[in-house]
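Going down the list, the sequences are from chains S and P.
The first sequence begins at 1 in this note's numbering and counts up by one.
The second sequence begins at 1001 in this note's numbering and counts up by one.
It is possible that part of the hints are untrue.
[What the hints assert, rightly or not] Looking from chain S toward chain P, a few residues come up when the C-beta cut is under 10 angstroms (computed): (1) A32; (2) R42; (3) S44; (4) P75; (5) F184; (6) L190; (7) N213; (8) R215.
[Claimed, not checked] Dumping the calculated BS3-like pairs for lysine-lysine here, alpha-carbon to alpha-carbon at most 27 angstroms: (9) K183/S - K1329/P; (10) K102/S - K1329/P; (11) K1363/P - K201/S; (12) K1184/P - K183/S; (13) K1363/P - K1329/P.
[What the hints assert, rightly or not] Not everything, but these chain S residues come out facing chain P in the computed CB check (under 7 angstroms): (14) P186; (15) T188; (16) H200; (17) K201.
By construction, these hints were calculated from the structure, which means they are not laboratory data.
If you're wondering where the values come from, they're calculated on a predicted model, not measured in any experiment.
Just so you know, even glycine gets a beta-carbon here, dropped at the ideal spot from N, CA and C.
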Amino acid sequence: MAKVLLIEDDSETAEEITAELADRGFEVEWSANGIEGLDKARSSRPDAMIVDRLLPGMDGLTVIEALRKEQVRTPVLVLSALGAVDDRVRGLRMGGDDYLTKPFAVVELVARIEALLRRPVESRETVLRVGPLELDLIERTAKRGDRVIELLPREFRLLEYMMQRSDQLLTRAMLLEEVWNYKFVPATNLVDVHMGRLRHKVDGPDEAPMIHNVRGAGFILRAVS
Amino acid sequence: MRQPQFIRSNTFHWALMVAGVFAVFVIVLFGFIYWQIDDYLTARSDRVITLELEGIAGLSPERRLEAIDEKLRQDPRGVQLAAIFAAEGHRITGNIESLPPSLRIDGPAQAAQIVKTNGKGREHQVVRAIARRMRNGDVLVLGRNVDEAREISHVVGEALGLGLLPAFLLCLLAGAWLSVRAQKRVEEVNQRVQRIIAGDLRERLPHRNVDEPFSKLAIIVNGMLDEMETLIHALAGVGNDIAHDLRTPLTRARITLERGRTNATTLEQLQAVSDKAIAGIDQSLTIITALLRLAEIENSRRSASFADVPLHDMLREVCDIYEPIAENKNVTLQVAVRHRLAVRGDRDLLIEAVANLIDNAIKFTPEGGRVDIELLRGGAETIVRVTDTGSGIGEQEREAVLRRFYRSDKIRNTPGVGLGLNLVAAIVKLHGFRLAIHPGPGCRVEIICPDREAAKQPARPTTGQAVS
């Protein structure tokens, strides 16, 4: 069971997050201020941390900086009401691994924590496989079973990202940031359109679906059971 | 003791200083005049007595005595001095008691202390004098009292007193008056400014005529106040718009929740209600995010992180992302890039701007229409042009589309926040580029990027059509 340390001063927000993460099977420890949070991070060695930026006692970024100086590599998700691009850049530069602006959907938070916990290992593998799906990164070809899937470069990029993170919920914001490198949320539902096209190619009419739409949250690529 | 306020004022200090400098200057000037006149008079006396001495010396000894007596007799003012002393030192004739010891015989005219004597008494004087030894051994001394110099110095001193003191006082008075006047104006301005601070935005600073610096300053400040008043009113208008646009989805969410709480009987119904409410709240959040983003860009001073952005690659990339969306709507999206052109800027922001324009173009183009993206060179400018076959933006709407939350009546039912073009305009302005919106069939929007040399001048709309 993964252990998550939450450092957040607002007790109501903390309660919501704790309850949601506990439902998903995480063990959550909560600190309401930076100094105590830093102590807990040192003593209980969590698998991941959620750190609010503005904390009483010690600023969230200072906590992260202190841990990084002690060579603690625990992945950290920074929470902040400061949503400007510059704040985000600063948050990531100070050692945060991901940055989420308040207010956020709880699913988004959980998806990002899971993504942090299951970061794809650097692999020399040139062929990605998920169930019957096969992606050759050198030849730039895709196959489902024996069926060859013709993909446009942009679709290939999307599928590659999803296969590296199969069985994980990928939210629209995550996809925008990671696949298209968008630093803003476009007016149109870009992600849905692209995903629709990819799904059309990956899941044939008489095949079991692999790309699943999670209502109101995002998408998951699952190996067919 | 408290000094009156004007004495402490800067203006008064200046006046005091000017008066002091003026006084010193006048004193030096008068001194110089006195010195010059004194010098002149001395030189003249010296010349006269030297000439007389030569004249008398040329006479026979008897005629000399007569000439001296004659000379002294014809001197009603008593400034002439003359005497002949015998070789051994006693006076033969004249009105000088004895041969002055400081007087050099056969030397040039010089100042000498003598004792003047006549029938009535003796008197010590400092005079200009000259002495010469005659052939028979007698010493002839001629002198002249230059009392005029002393009189002149007296006159000069009086003039100085009469002129300088009133002038000095006048200076001080003028200084005090100016200082009091300036203070009154400052106080007047202060009162008005206090009223402005208190919230009366219509208040302006007083000014009299244009040529006076104080009035000039007041006119400048008034111009600034005009601009600020307009801006504040615009901002208040935006505030109302924001409140309206935020309230609408929130109200909807509230009603949905309220009705759901009363009417929902199954979990599914409650979930449907929650989804609807969340959608409403999300829309409000989207608006807030867009507004914050707008504020972030407008206040950004990010030109430090500018780099060369290859527009040809960037346009292709953005089009690649939007192609499926256009296809879904059966709109042809085409990019025509003839040159490889780069501009200096923030890549992410420029992508955002172009993406917004393309997003808009696709949204407002009916099925079967087309959207063209072009990269052009014209003059010293690089132009990104997005043309669509939608309903276009009317002449009278062109300014309005850049207003926050403006949504044309024609498109009331198209989803969107109404901040897209504001974002584009803000990004364009940040880069020192220009945004031009052309009317006509469909809509043509251009981001005009002047070359860097040309961009140094402030970006201003060059034609009636350009808005920046």
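To see whether the hints hold, each was checked on the structure:
Checking A32/S against chain P: minimum C-beta separation of about 26 angstroms lies over 10 angstroms; hint violated. With 10 angstroms as the threshold, the beta carbon of R42/S stays out of range of chain P, its nearest partner Cβ sitting at about 35 angstroms, so the hint is violated. Evaluation of the S44/S hint against chain P yields a violated restraint, the C-beta minimum of about 34 angstroms exceeding 10 angstroms. The restraint placing P75/S at the interface with chain P is violated, with a minimum CB-CB distance near 25 angstroms, outside the 10 angstroms limit.
Because the smallest distance between the Cβ of F184/S and any Cβ of chain P comes to about 5 angstroms, under 10 angstroms, the interface hint for this residue holds. A least Cβ separation of about 6 angstroms between L190/S and chain P falls short of the 10 angstroms threshold, and the interface hint therefore holds. Interface hint status for N213/S: violated, as the beta-carbon distance to the closest one in chain P is roughly 14 angstroms, over 10 angstroms. Below 10 angstroms, beta-carbon pairs count as interface contacts, and R215/S has one with chain P at about 8 angstroms; its hint therefore holds.
Distance restraint check for K183/S and K1329/P: the Cα-Cα separation of roughly 25 angstroms lies within the 27 angstroms cut-off, and the hinted pair is therefore satisfied. The suggested pairing of K102/S with K1329/P is violated, with an alpha-carbon distance near 34 angstroms, which exceeds 27 angstroms. As the CA atoms of K1363/P and K201/S are separated by approximately 26 angstroms, the hinted pair is consistent with the 27 angstroms bound. At roughly 56 angstroms between alpha-carbon atoms, K1184/P and K183/S are farther apart than 27 angstroms, so this suggested pair is violated.
Taking the CA atoms of K1363/P and K1329/P, the gap is about 9 angstroms. The hint holds against a cut of 27 angstroms. Restraint check, P186/S versus chain P: the minimum CB separation of about 6 angstroms is within 7 angstroms; hint holds. At its closest, the beta carbon of T188/S sits 5 angstroms from a beta carbon of chain P; the interface hint therefore holds under the 7 angstroms criterion. Look at H200/S: its Cβ only gets to about 10 angstroms from chain P, farther than 7 angstroms, so that hint breaks.
Taking 7 angstroms as the C-beta contact cut-off toward chain P, the hint placing K201/S at the interface is violated, the least distance being around 12 angstroms.
Violation of the numbered hints given earlier is confined to hints 1, 2, 3, 4, 7, 10, 12, 16 and 17; the remaining hints are satisfied by the structure.
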